[in-house]
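A.B. asks: Given only the sequences and the hints, what does the whole structure look like? Please build it.
Line order of the protein sequences matches chains Z and X.
Going by numbering that gives the first Met the number 0, the first residue of the first sequence is number 0, and it counts up by one from there.
Going by numbering that gives the first Met the number 0, the first residue of the second sequence is number 0, and it counts up by one from there.
Simulated from the structure, these hints should not be mistaken for lab results.
Among the hints, erroneous ones may be present.
Copies of one chain are not kept apart here, so a pair can be met inside one copy or by any two copies together.
Unchecked claim - Computed cross-link-like contacts, SDA-like style, restricted to lysine to any residue with a CA-CA straight-line distance of at most 25 Å:
{"no.": "1", "residue 1": "K57", "residue 2": "Y211"}
{"no.": "2", "residue 1": "K57", "residue 2": "L212"}
{"no.": "3", "residue 1": "K193", "residue 2": "Y211"}
{"no.": "4", "residue 1": "K199", "residue 2": "N271"}
{"no.": "5", "residue 1": "K199", "residue 2": "M225"}
{"no.": "6", "residue 1": "K193", "residue 2": "I314"}
{"no.": "7", "residue 1": "K193", "residue 2": "D213"}
{"no.": "8", "residue 1": "K193", "residue 2": "A313"}
{"no.": "9", "residue 1": "K57", "residue 2": "D161"}
{"no.": "10", "residue 1": "K312", "residue 2": "R184"}
{"no.": "11", "residue 1": "K199", "residue 2": "T222"}
Each chain, letter by letter, is given below.
There are 2 protein chains.
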Amino acid sequence: MLIGFSEAEVFLRNCQDAVIITHRNPDGDCIGAGFGLKDILEQLGVRSRVVCHDVFPKRYNFLTEGGAGEDFEPKTIIAVDIADTALMGKYEEIYGSRVQLCIDHHISNKKYAEKTLLRGNATAACEVIYDLAQYMGVKITRHCAMCLYTGIATDSGCFKYDCTTPRAHEIAAEMMRNYDINFARINRNMFDVKSPGRMKLEGRLSELMEQYLDGRLVIVAVTQDMMRDMGVEMEELEGFAPMTIQMEDTEVGILMRERPDGVFKCSFRSANDINVSDICQTVGGGGHAKAAGCNVSGDAESVKARLIEAVRKAIEA
Amino acid sequence: MLIGFSEAEVFLRNCQDAVIITHRNPDGDCIGAGFGLKDILEQLGVRSRVVCHDVFPKRYNFLTEGGAGEDFEPKTIIAVDIADTALMGKYEEIYGSRVQLCIDHHISNKKYAEKTLLRGNATAACEVIYDLAQYMGVKITRHCAMCLYTGIATDSGCFKYDCTTPRAHEIAAEMMRNYDINFARINRNMFDVKSPGRMKLEGRLSELMEQYLDGRLVIVAVTQDMMRDMGVEMEELEGFAPMTIQMEDTEVGILMRERPDGVFKCSFRSANDINVSDICQTVGGGGHAKAAGCNVSGDAESVKARLIEAVRKAIEA
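C.D. replies: Dropping the structure here:
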């Protein structure tokens, strides 16, 4: 059942011993939403604990270091920023079928919870939680403000992407005015800082960039041999797909990674208006308009030729 | 003389044939302020022209393509985002001594103009101009909103840096709500897009990064021989200093570039609280707390040793 702020308030004010589930591969929004909501529940006198299938990455220590909460048998199950129970990892089996409240901003939310507070037009789950707290008149602590700011900043690419709402900016302004958050340091850690390994990999990958179709298509192809050579696993190359559309004039970028079985996992990104999900569907894949993927068999050169042709058709259309 | 909005309004409503000077090496803020103010003057029925010592970079075409204004003998001289007439380039000699109105946000402004509208706590000159237009009740066009958004976004590093004000966020929210600006595309062009040459250079420089003092200091040293090898001029390495503090744990980053005369031009950046201006002063340089520089003679290794020692002292202090 979809609910609004007033029902969500009644629920939160009357719940007890809550576990707050965040999604696997946790990011700034689910961590911020989880720990921000934990603070809010504390203001309401409700004990809570934040759980995640994975360990929270070190760079979020400034949000998590107060602890995720003591161990207790929960009476209330809440999920934040989770569109589908499959994203809960091991917690799907434990809690997936009995989530009472889900607070989310993904329009794709599967409505698996008893009650779902969904704002599909919000930048981040943290935006929804901030507005809910304001609606409820709950005091927001500085730590809570830092949690919620972090979620909004990370999901919007620091207010850079299409998904940024005017409300996201207004909330940022309110947080800066009222809670003296150290936003510049948060943003440096979220957006500017890289591990030495990542720096080096970016350097290597940028040298592998190949331009096609007058520079409108960029392909970075990494074979198993090259990964061995660089000393990296395929998984470590996750997250490099956005690099492929950094070059000026690029419309579509593709990161091709050879799997151990020889099939190429191809991650597409669109810089502007070309729908890469449509392109991927022509070669058996799919995804979103700006980020999609497909798996293609063949040697690197023949896979490239096939993808170039598919992109050429889309650009000409 | 420092003036407020009311005097600035009287000035703008009564001026004629204005030339608007932007600073040399133009950036998003002075271009946005210049072309934004030109739009506002047009609303007031005042003819104006934007001038700059340098050609406006191509990536600002979406702001400048309407034209900088027809040629006429100006009766009014306005400067935007210019703290010192020395920054006007060739226009210093022509107009520097008779600027009637300066609109700026640099606390270091030399007050060279007859009237100066200075808001030293604003993120950008564009923030001052937006608030002035609101004060005056002038209609802001979509193009004007894009100009002013661009200035605020670029000077704040897309709302990332310390200098970002709550007001900057509020203005961004108002612009998104009222003028349907294509902010995501603006931000992609300002922050994410790189030339193929820059991509390649970043790759090369990231491989040259050397960590010292347990990773708290990073040095990238480029000799004349290496520049010849890479096929770049010293000037092309301008703007790469911020890369030196991208690595996690880095507190101070230094880009060392050997000049043709063998002296190393050293650009310092501070990631957090260490004052690099103080460090540079100990070796005959200076600058700002977070960005400073010095010139040091010697071979690369001895210059490095001297800088490492200076940074070590500052970190220990």
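A.B. asks: Now tell me, hint by hint, if it's right for this structure.
C.D. replies: A quick look at each hint next to the structure:
{"no.": "1", "hint": "K57 - Y211", "result": "between (39 Å within a copy, 22 Å between copies)"}
{"no.": "2", "hint": "K57 - L212", "result": "between (41 Å within a copy, 21 Å between copies)"}
{"no.": "3", "hint": "K193 - Y211", "result": "between (29 Å within a copy, 16 Å between copies)"}
{"no.": "4", "hint": "K199 - N271", "result": "between (28 Å within a copy, 23 Å between copies)"}
{"no.": "5", "hint": "K199 - M225", "result": "both (14 Å within a copy, 19 Å between copies)"}
{"no.": "6", "hint": "K193 - I314", "result": "between (34 Å within a copy, 21 Å between copies)"}
{"no.": "7", "hint": "K193 - D213", "result": "between (31 Å within a copy, 16 Å between copies)"}
{"no.": "8", "hint": "K193 - A313", "result": "between (34 Å within a copy, 24 Å between copies)"}
{"no.": "9", "hint": "K57 - D161", "result": "between (28 Å within a copy, 23 Å between copies)"}
{"no.": "10", "hint": "K312 - R184", "result": "between (44 Å within a copy, 24 Å between copies)"}
{"no.": "11", "hint": "K199 - T222", "result": "both (18 Å within a copy, 21 Å between copies)"}
Of the numbered hints stated above, none is contradicted by the structure.
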